[in-house]
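Please model the complete structure; the sequences and the hints are all you need to start from.
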Amino acid sequence: MDPAYITTDIWHDLSTALRFIWLYVFLILGFVSNFLIAHAVIPSLASTHQIPERIVKLRALVYLIAFGALAMAVTVFLLTLLSLDVIARILPRWWI
8 MDPAYITTDI WHDLSTALRF IWLYVFLILG FVSNFLIAHA VIPSLASTHQ
58 IPERIVKLRA LVYLIAFGAL AMAVTVFLLT LLSLDVIARI LPRWWI
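In our numbering, the protein residues as written are 8 to 103.
Don't read these hints as lab results, they were simulated from the structure. Mixed in with the good hints, there may be bad ones.
What the hints assert, rightly or not - Label-pair ranges, simulated between beta-carbon atoms:
1. 100 <-> 67: 27 to 37 Å
2. 36 <-> 102: 25 to 35 Å
3. 50 <-> 75: 47 to 57 Å
4. 78 <-> 16: 27 to 37 Å
5. 60 <-> 102: 24 to 34 Å
6. 79 <-> 100: 57 to 67 Å
7. 16 <-> 58: 23 to 33 Å
8. 48 <-> 11: 48 to 58 Å
9. 61 <-> 88: 38 to 48 Å
Ideal Cβ positions, reconstructed from N, Cα and C, are used throughout, including at glycine.
See below:
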């Protein structure tokens with residue numbers, strides 16, 4: 008099976024899909040790092056009194072940032088799935 012000719016429109020759609028994938032990766036890394044800080048690092052440092060109490064109060068804000076990044080990651084993931092129809096324009100059959 009030969010792939011279809013790749014036009015500039017297809018290249019543009021591939022570029023968009025690839026940008027969504029990279030954005031998804033960075034958003035997941037943002038979620039993971041903020042969640043780890045809020046769920047493990049801050050309570051651990053607070054229990055040993057190595058950080059002041061005012062930083063412990065920022066824990067809720069860090070959770071909010073983490074779940075905001077997760078919500079954006081889910082949205083970007085769905086947009087990525089919708090933009091991957093460009094592959095079907097290049098290779099009409101998925102199973103060769």
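Now for the hints, and whether the structure bears them out:
no.	hint	result
1	100 <-> 67: 27 to 37 Å	violated, 50 Å
2	36 <-> 102: 25 to 35 Å	holds, 33 Å
3	50 <-> 75: 47 to 57 Å	violated, 20 Å
4	78 <-> 16: 27 to 37 Å	holds, 31 Å
5	60 <-> 102: 24 to 34 Å	violated, 59 Å
6	79 <-> 100: 57 to 67 Å	violated, 34 Å
7	16 <-> 58: 23 to 33 Å	violated, 53 Å
8	48 <-> 11: 48 to 58 Å	holds, 50 Å
9	61 <-> 88: 38 to 48 Å	holds, 42 Å
Violation of the numbered hints given earlier is confined to hints 1, 3, 5, 6 and 7; the remaining hints are satisfied by the structure.
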